[in-house]
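Novice: Take a look at the letters that make up each chain.
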Amino acid sequence: MSTQPLQSQSLGDPRKPSRVNILRRSISDHIVTGLAILATILVLAPLAAILFYLVYKGASSLNLAFFTHIPAPVGEEGGGMANAIVGSGIILALASLMGIPVGIAAGVYLAEFGSGTFLGNAVRFTADVLNGVPSIVMGIAIYSLIVKPHPPYSAFAGGVALAIMMVPTVTRTTEEMLVTVPHAVREAALGLGVPKWRTVLSVSLRTASPGIITGCMLAFARVAGETAPLLFTAFGNQFWSLRLDQPIAALPLQIYVYAISPYDEWHRLAWAGSLVLIALIMVSVTLVRIFANRGVLKGGS
Amino acid sequence: MSAEREHGATSPVKPTVSVVSAPKETQVTTTEPVSQVRQFLNARGSGLIADRSFAALMLACACSIFLIVLFIFWILIKNSHLSLNAFGWKFFVREAWDPVSGDFGALPFIYGTLATSLLALAMAVPLALGVAIFLTELCPRPLRAPISFLSELLAAIPSVVYGLWAVFVLVPLMRDTLGPFLVKTFGWTKLFDGPNFGVGILTASIILAIMILPIISSITRDIMKAVPNSQREAVLALGATRWEMIRIGVLRNSRIGIVGAIMLGLGRALGETMAVTMVIGNHPDISKSLFAPGYTLASVIANEFSEATGDLYYSSLIEIGLALFLVTIVVNAIARLMVWAVTRGAPSRIS
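Residue numbers (my numbering), protein chains in the order written: chain X, 1 to 301; chain E, 1 to 351.
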């Protein structure tokens, strides 16, 4: 409809595009292309700088003692972060134990039971919003819930805070993965007389398991580096502690404490700790990429 | 069987016989192969109870997400009622922060949070758009996967490591190189007055910008991918250059989603704690200069919460947390709705 007048106009008056106009357009095209490339380089530069500094400063101070010793008192050489590494492991294990089952179950509800319903949409929306709640707010909420009525600071409280942060990520990825499972597979199972709960557990979840594992690893990697929720829950500890009802050391907390301290020896340890933390996270993220790339799902449809 | 057949020879009984024999026959023929499955199913009983309880369990887990949000809200309100009663809404416009005399107001922190977040957005948004455009429209195919992987790695680096890097690399750089350059070039704007310690609002904004870049660019990329290719082809067929195609065909179609992505980045910037705490200088003061040290809502909680003596001090900090919680929830909710409006109902993605 709208092309009619345009066409008649161009037929009546065959305008040649002016050379200046073409030049202007192609120049602006090139400028924007250049700007986009420049932006990409500018974004990748800090990443390169951070990784370079981490390896440069961290690798020189990594040694066996770092993994086997607890922190040395100020002014003493040596010392390591063995307790922080173990403490992080304990807190993360607690968080995964609590957060992942709830997250997967909520994802199953969204994909298998509540898809399209108002409640399902509301839960999905709330999960997305919860994902954006600042971690420090999570920290003070758990402090007010667990630590304040039952002092002292404890590893358990830290685990709860991280578990809550894991739930939305796990839920959303589980749902996205379950939705990609073809309906024919489910119908085949139901047609054989398998009850619905069994279908969900043995057919849908198993078909989508590579993707769900990916989601869990991503959530794990995300909370592994969180410091803010642990400040007032796990609190940190300079000594060995494996008890769940006592303050416990954690790698990100220890890095924070050492980074803002005035001692060179501690700065050195902070760099080494960051290198270990980053290595841990990157290994899990890379594993995730490999998992996701040759997922079973690709053959599923 | 043979006996039945003999009976069936007589015509009047025939229909009844066939009725009788039919179930018998099926029973006979199906006992051997089905029995095991049927027995198994019978032994299991009706799946109704198991099904219902499984569905209820899943529903309970899904509703726990509601409960978590409601519970955080409730516990923050409950613990901040002392300061809510003492200061009321004036809390957010008062400039005082004096733990000794018990006089609290959140204005300096709100100012610091807004200033750092908006500055960070101003730096991050053009760059993130550039990266997204480059990755979806311009990038040669073999480079696409590695670059998007690297830009997602930026998102995986923990906040405390950004902080560490900022303290030892960005702060000296700011103090010795970038700061003097800014004063010389833009000194007339009065934005760079005062002593330059390296730590301050500008340094915090730069590190925030680096941190929110990957979020904005990856969501923008998803949204731009959701624009159907026919749009691009239509614009190109009219004789547009590549930039005109991106501007008219892609950016204009995805603008709501891009605004949503920017708001998601804003939500992340508002609540970011550790890296900002390490470089912002931690001084509750409102100053026009970007070199001046400041304080944000999140970093005042991180720094002072564990040493908050006195109930009013504690509940004021919780109220700051409550404000942060509500603001980020609103920002995130609007952003999510915007992103959904664009990506939902979009044709299947072509990757």
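There's no promise every hint is true.
What the hints assert, rightly or not - Some, not all, of what chain E presents toward chain X, calculated at C-beta under 7 Å:
| hint | residue |
| --- | --- |
| 1 | Ile49 |
| 2 | Phe54 |
| 3 | Ala56 |
| 4 | Ile75 |
| 5 | Leu84 |
| 6 | Phe92 |
| 7 | Glu95 |
| 8 | Ala96 |
| 9 | Pro99 |
| 10 | Thr136 |
| 11 | Leu154 |
| 12 | Ile210 |
| 13 | Arg336 |
It is worth saying that the hints were derived from the structure and are not from the lab.
Each residue gets a CB set at the ideal place from its N, CA and C atoms; glycine is no exception.
Novice: Return the numbers of the hints above that this structure violates; sort them in rising order.
Specialist: 1, 3, 5, 6, 7, 8, 9 and 10
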